[in-house]
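Trainee: Position chains B, C and D against the provided structure of chain A, taking the given hints into account.
Protein chains: 4
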Amino acid sequence: MVKVELPIVVVNFKAYAEAYGAKAVELAKRAEEVSKELGVCIAVVPQLVDLAKVASQVEIPVFAQHIDPVEPGAWTGHVLAEAVKEAGAVGTLINHSERRLLLADVEAAVARAKEAGLLSLVCTNNARVSAAAAAMDPWAVAVEPPELIGHGVAVSKAKPEVVRGTVELVKRVNPNVVTLCGAGVVEGVDVYMALRLGTKGVLLASGVVKARDPRAVLRDLALGALKALEEGGLS
Amino acid sequence: MVKVELPIVVVNFKAYAEAYGAKAVELAKRAEEVSKELGVCIAVVPQLVDLAKVASQVEIPVFAQHIDPVEPGAWTGHVLAEAVKEAGAVGTLINHSERRLLLADVEAAVARAKEAGLLSLVCTNNARVSAAAAAMDPWAVAVEPPELIGHGVAVSKAKPEVVRGTVELVKRVNPNVVTLCGAGVVEGVDVYMALRLGTKGVLLASGVVKARDPRAVLRDLALGALKALEEGGLS
Amino acid sequence: MVKVELPIVVVNFKAYAEAYGAKAVELAKRAEEVSKELGVCIAVVPQLVDLAKVASQVEIPVFAQHIDPVEPGAWTGHVLAEAVKEAGAVGTLINHSERRLLLADVEAAVARAKEAGLLSLVCTNNARVSAAAAAMDPWAVAVEPPELIGHGVAVSKAKPEVVRGTVELVKRVNPNVVTLCGAGVVEGVDVYMALRLGTKGVLLASGVVKARDPRAVLRDLALGALKALEEGGLS
Amino acid sequence: MVKVELPIVVVNFKAYAEAYGAKAVELAKRAEEVSKELGVCIAVVPQLVDLAKVASQVEIPVFAQHIDPVEPGAWTGHVLAEAVKEAGAVGTLINHSERRLLLADVEAAVARAKEAGLLSLVCTNNARVSAAAAAMDPWAVAVEPPELIGHGVAVSKAKPEVVRGTVELVKRVNPNVVTLCGAGVVEGVDVYMALRLGTKGVLLASGVVKARDPRAVLRDLALGALKALEEGGLS
Chain A
1 MVKVELPIVV
11 VNFKAYAEAY
21 GAKAVELAKR
31 AEEVSKELGV
41 CIAVVPQLVD
51 LAKVASQVEI
61 PVFAQHIDPV
71 EPGAWTGHVL
81 AEAVKEAGAV
91 GTLINHSERR
101 LLLADVEAAV
111 ARAKEAGLLS
121 LVCTNNARVS
131 AAAAAMDPWA
141 VAVEPPELIG
151 HGVAVSKAKP
161 EVVRGTVELV
171 KRVNPNVVTL
181 CGAGVVEGVD
191 VYMALRLGTK
201 GVLLASGVVK
211 ARDPRAVLRD
221 LALGALKALE
231 EGGLS
Chain B
236 MVKVELPIVV
246 VNFKAYAEAY
256 GAKAVELAKR
266 AEEVSKELGV
276 CIAVVPQLVD
286 LAKVASQVEI
296 PVFAQHIDPV
306 EPGAWTGHVL
316 AEAVKEAGAV
326 GTLINHSERR
336 LLLADVEAAV
346 ARAKEAGLLS
356 LVCTNNARVS
366 AAAAAMDPWA
376 VAVEPPELIG
386 HGVAVSKAKP
396 EVVRGTVELV
406 KRVNPNVVTL
416 CGAGVVEGVD
426 VYMALRLGTK
436 GVLLASGVVK
446 ARDPRAVLRD
456 LALGALKALE
466 EGGLS
Chain C
471 MVKVELPIVV
481 VNFKAYAEAY
491 GAKAVELAKR
501 AEEVSKELGV
511 CIAVVPQLVD
521 LAKVASQVEI
531 PVFAQHIDPV
541 EPGAWTGHVL
551 AEAVKEAGAV
561 GTLINHSERR
571 LLLADVEAAV
581 ARAKEAGLLS
591 LVCTNNARVS
601 AAAAAMDPWA
611 VAVEPPELIG
621 HGVAVSKAKP
631 EVVRGTVELV
641 KRVNPNVVTL
651 CGAGVVEGVD
661 VYMALRLGTK
671 GVLLASGVVK
681 ARDPRAVLRD
691 LALGALKALE
701 EGGLS
Chain D
706 MVKVELPIVV
716 VNFKAYAEAY
726 GAKAVELAKR
736 AEEVSKELGV
746 CIAVVPQLVD
756 LAKVASQVEI
766 PVFAQHIDPV
776 EPGAWTGHVL
786 AEAVKEAGAV
796 GTLINHSERR
806 LLLADVEAAV
816 ARAKEAGLLS
826 LVCTNNARVS
836 AAAAAMDPWA
846 VAVEPPELIG
856 HGVAVSKAKP
866 EVVRGTVELV
876 KRVNPNVVTL
886 CGAGVVEGVD
896 VYMALRLGTK
906 GVLLASGVVK
916 ARDPRAVLRD
926 LALGALKALE
936 EGGLS
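Chains as they are written, first to last, in the working numbering: chain A, 1 to 235; chain B, 236 to 470; chain C, 471 to 705; chain D, 706 to 940.
Same shape as in the complex, but just chain A (with noise of 0.2 angstroms):
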């Protein structure tokens, strides 16, 4: 099965144009190559209905945009976490800003993942919801002020004291659960950031995905990585 390894880079799709059906696999591909060459984990995480055939063509994690709180029944458009791992998934996002789900719901969600077997990545918004995720016990936290998604200047730059404070106020409330942070990351330099300021990866989308080049950015975000490593590993 394929691995999941810290640090990490995390490529979201969302529902760009550039990124479903064919283009999907496409840009997985690219990832999968960049990876394997440097050696650095990256995920994908394409759109549901592209889920099952990304995970048929590569070999690096895939995760999905989303699962509902839900067990197998009646629940017509939900996701099922056990139809998500059928499909190939290792992972899921759960609660990301442009999917935000109700308090119990994230907590009844990341256990749903844990009993299908999916690593569970909880996107929030601030320091202190950071804290009150990981006290529900998930695989990971992703903290993303919401005013820099999609901006082009990095969370790790524009706002390291968030980063700072969501590493340590996650470690304080559930050492085991591993800290992302993203919003605005483009370049090697704020995953190298991102590193030093703590976290264990990165979580971005528009910066890869809408890239003339997505490889050619792949590769810089996997350099930024591995330069912070050999500063100093992860803590």
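By construction, these hints were calculated from the structure, which means they are not laboratory data. Where is the CB? At the ideal position from N, CA and C, for every residue including glycine. One or more of the hints may lead you astray.
Facing chain D, according to a computed beta carbon distance under 10 angstroms, are these residues of chain A, among others [what the hints assert, rightly or not]:
1. LEU103
2. ALA104
3. GLU107
4. VAL122
5. ASN126
6. ALA134
7. MET136
Quick list of the computed label-pair ranges, beta carbon to beta carbon [as the list claims (entries may be wrong)]:
8. B:PRO395 with C:LYS584: 22 to 30 angstroms
9. D:GLU935 with A:GLU147: 49 to 57 angstroms
10. B:GLU240 with A:SER56: 29 to 37 angstroms
11. A:ARG172 with D:LYS741: 23 to 31 angstroms
List of simulated lysine-lysine pairs, DSS-like, C-alpha gap at most 25 angstroms [said to hold, decoys possible]:
12. B:LYS406 with C:LYS641
13. C:LYS641 with C:LYS670
14. C:LYS493 with D:LYS819
15. C:LYS680 with C:LYS627
16. C:LYS473 with C:LYS506
17. C:LYS697 with C:LYS473
18. B:LYS445 with B:LYS264
19. C:LYS506 with C:LYS680
20. D:LYS741 with A:LYS171
21. C:LYS493 with C:LYS506
22. B:LYS258 with A:LYS114
23. D:LYS741 with D:LYS932
24. B:LYS349 with A:LYS23
25. C:LYS670 with C:LYS697
26. B:LYS435 with B:LYS264
27. C:LYS697 with C:LYS506
28. A:LYS36 with A:LYS3
29. C:LYS584 with D:LYS728
Mentor: Then chains B, C and D, alone, in the frame of chain A:
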């Protein structure tokens, strides 16, 4: 391309344990066999993550369980009409009682389906809401009184006045819209009665998905449709 | 009891800092003065917590900003139609663009308003959604193109075709339903044009609430209504 | 100003037919009588439209059933913390199981309550979600296993381990946060047990609101609190 014909039997796989992953493909093949044998249109509605695989394995209409009213863009965890279309669907449910949408989003989702070349099948809970749905110009409306869903007494038996009332109101508001009905449909006579009440087909789920012999149930349903056709044709 | 008459100017206090608590009562009194002086019906729509006090202090129609589609029962944090009625409201907004409801809940809320003796004013975003709303038999529909809300260019100037189209579609689907329009209304000529386009009134908020002199704006709006009445009466 | 003291009995009026309008004021007066007679803090939680009137007629703490996580502004149908405060509330429920909020909105609503000078009482469904809520620094958390709400078997009897586990987890994550419990509370012994399990009070609704003699039930509840206090004080 796969053709949608009337009358139609639409089988919703929901998130049932019996109908995701490899089991979804198997069930869709049973539907395809019966459809080809008896010449009655049967559509299947698998989970989103199973949609592409099912669509690639059968030559009957495949519908999505849901689409979101969004254009391509930054919509993590949302279901893009274009992606559903590329995955092989010919249509989509919208506003199923287990996945209800805001009034304005029903209209926007119907419009998005149209733009992407998908048939839109809007689910409703009574005659008045069906009329409202018809005003938004979808391909079809399926009325399902929520208190009858999954309970084994067909709407066409238990509430014929709701079915007939819906057929009339929908026709008055928008004569181009197809009316289906659902809730409690489990056997041929339910389909027969639904068509005799003026609908063009049925929407069902557990009656087939949870049946010990889905193929036998599907044959019975299709025979009910054929009987109604013989007696009177479609109005 | 306070009478609702057409044409009507409906002033929504939203959650504006300028219009809650004691300030809500003051603003409602300004509306009452203008309404009595000029003989044009002006309704006010304060926050839910201010509704009872406002209704006890003025003799013009008071609407709630929202009701929930629920019967009396275990519905913490919901707004019961009967409680709104007892607090002194004569009607309620339903499905305002800032408080949208599920399709089925719009219909249920309209029905609940009727049962409790409240006028229902359903807000919509375009002509097609207005037609859908009209099919659910409310007292009135108010079309407000969302892109114009709060921006100072009146819908009756910027999109007369939306207003006219809504008036026609609503009339075709349900001739008993009153059509209003809103978004960007700030002065008398906006009301004048709205009425000349076939509506029976306007819904506005910031144009009055955030005005330096709300009384002067209210007089101007009422004079616009009177001018339209003189020229042609209501259709 | 009205003081909130521990232990506390919080009586939620929900949208019950027995407890809106004039009946809300009556019920609040019964609570006030018992509170003054026995010296136990009893808070009441009327519907939003009844809040101002209730708060003006009694000298016990009044809570809102809900606030929205919004600043003053264009938020039709939302509940502004400042307006609730001006109407006379000392606090507010947040995230009641019948009015659940998104994870990020719970945190924002708690922050808004604090800014407006309101105590925030966040409702939760299990120990882990309670820990998450505590991480967002509210005044109090009230755990209510949803399967016990309104069913007449008190959480303190049916699930003492949930209550004890919540008290411990909340204390570990944020020792400043008060823990209450609810669901099924109907008599003094339920309060007694809840306090003995480490909580500082109870949240209940139908047990009082639907009682033939609410005053008698309130006395019994308060006596249960006094008995626990005598035996051990609050931890």
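Trainee: Take the hints in turn and mark each one as holding or not.
Mentor: Hint check results:
The beta carbon of A:LEU103 comes within 5 angstroms of a beta carbon in chain D, closer than 10 angstroms, and the hint placing it at the interface holds. Nearest Cβ of chain D to the Cβ of A:ALA104: about 5 angstroms, under the 10 angstroms cut. The hint holds. Below 10 angstroms, beta-carbon pairs count as interface contacts, and A:GLU107 has one with chain D at about 5 angstroms; its hint therefore holds. A cut of 10 angstroms between beta carbons decides the hint on A:VAL122: the least distance to chain D is about 8 angstroms, and the hint holds.
Contact between A:ASN126 and chain D, as hinted, is supported at the beta carbon level, the nearest pair being about 7 angstroms apart and thus within 10 angstroms. A distance limit of 10 angstroms between C-beta atoms decides the matter here; for A:ALA134 the minimum to chain D is near 8 angstroms, and the interface restraint holds. The restraint placing A:MET136 at the interface with chain D holds, with a minimum CB-CB distance near 5 angstroms, inside the 10 angstroms limit. Between B:PRO395 and C:LYS584 the CB atoms are about 26 angstroms apart, so this pair conforms to the stated range of 22 to 30 angstroms.
A hinted range of 49 to 57 angstroms holds for the C-beta pair D:GLU935 and A:GLU147, which are about 53 angstroms apart. The hinted window of 29 to 37 angstroms between B:GLU240 and A:SER56 holds, with their beta carbons roughly 32 angstroms apart. For A:ARG172 and D:LYS741, the Cβ-Cβ distance of about 43 angstroms falls outside the hinted range of 23 to 31 angstroms, so the restraint is violated. Distance check on the hinted pair: B:LYS406 and C:LYS641 sit about 17 angstroms apart at the alpha-carbon level, within 25 angstroms; holds.
Distance restraint check for C:LYS641 and C:LYS670: the Cα-Cα separation of roughly 12 angstroms lies within the 25 angstroms cut-off, and the hinted pair is therefore satisfied. The hinted pair formed by C:LYS493 and D:LYS819 meets the criterion: a straight-line CA distance of about 23 angstroms does not exceed 25 angstroms. A distance of roughly 21 angstroms separates the Cα atoms of C:LYS680 and C:LYS627; the hinted pair therefore holds under the 25 angstroms criterion. Distance check on the hinted pair: C:LYS473 and C:LYS506 sit about 12 angstroms apart at the alpha-carbon level, within 25 angstroms; holds.
Simply put, C:LYS697 and C:LYS473 have alpha-carbon atoms about 22 angstroms apart, close enough for the 25 angstroms limit, and the pair holds. At most 25 angstroms may separate the alpha-carbon atoms for a hinted pair to count; B:LYS445 and B:LYS264 meet this at roughly 16 angstroms. Simply put, C:LYS506 and C:LYS680 have alpha-carbon atoms about 22 angstroms apart, close enough for the 25 angstroms limit, and the pair holds. Taking the CA atoms of D:LYS741 and A:LYS171, the gap is about 46 angstroms. The hint is violated against a cut of 25 angstroms.
With a C-alpha separation of about 20 angstroms, the suggested pair C:LYS493 and C:LYS506 falls inside the 25 angstroms cut-off, and the hint holds. Of the pairs offered as hints, the one joining B:LYS258 and A:LYS114 holds, with about 23 angstroms between alpha carbons and a cut-off of 25 angstroms not exceeded. Distance restraint check for D:LYS741 and D:LYS932: the Cα-Cα separation of roughly 17 angstroms lies within the 25 angstroms cut-off, and the hinted pair is therefore satisfied. A hinted pair counts as satisfied when its Cα atoms are at most 25 angstroms apart, and B:LYS349 with A:LYS23 qualifies at roughly 22 angstroms.
Our distance criterion of 25 angstroms between C-alpha atoms is met by C:LYS670 and C:LYS697, whose separation comes to about 13 angstroms. For the hint pairing B:LYS435 with B:LYS264, the CA-to-CA distance comes to about 23 angstroms; that is within 25 angstroms, so the pair holds. At roughly 17 angstroms between alpha-carbon atoms, C:LYS697 and C:LYS506 fall within 25 angstroms of each other, so this suggested pair holds. The suggested pairing of A:LYS36 with A:LYS3 holds, with an alpha-carbon distance near 12 angstroms, which does not exceed 25 angstroms.
Between C:LYS584 and D:LYS728, the direct Cα distance comes to roughly 23 angstroms. Compliance with the 25 angstroms bound is thereby established for this hinted pair.
Checked against the numbered hints given earlier, the structure breaks hints 11, 20 and satisfies all the rest.
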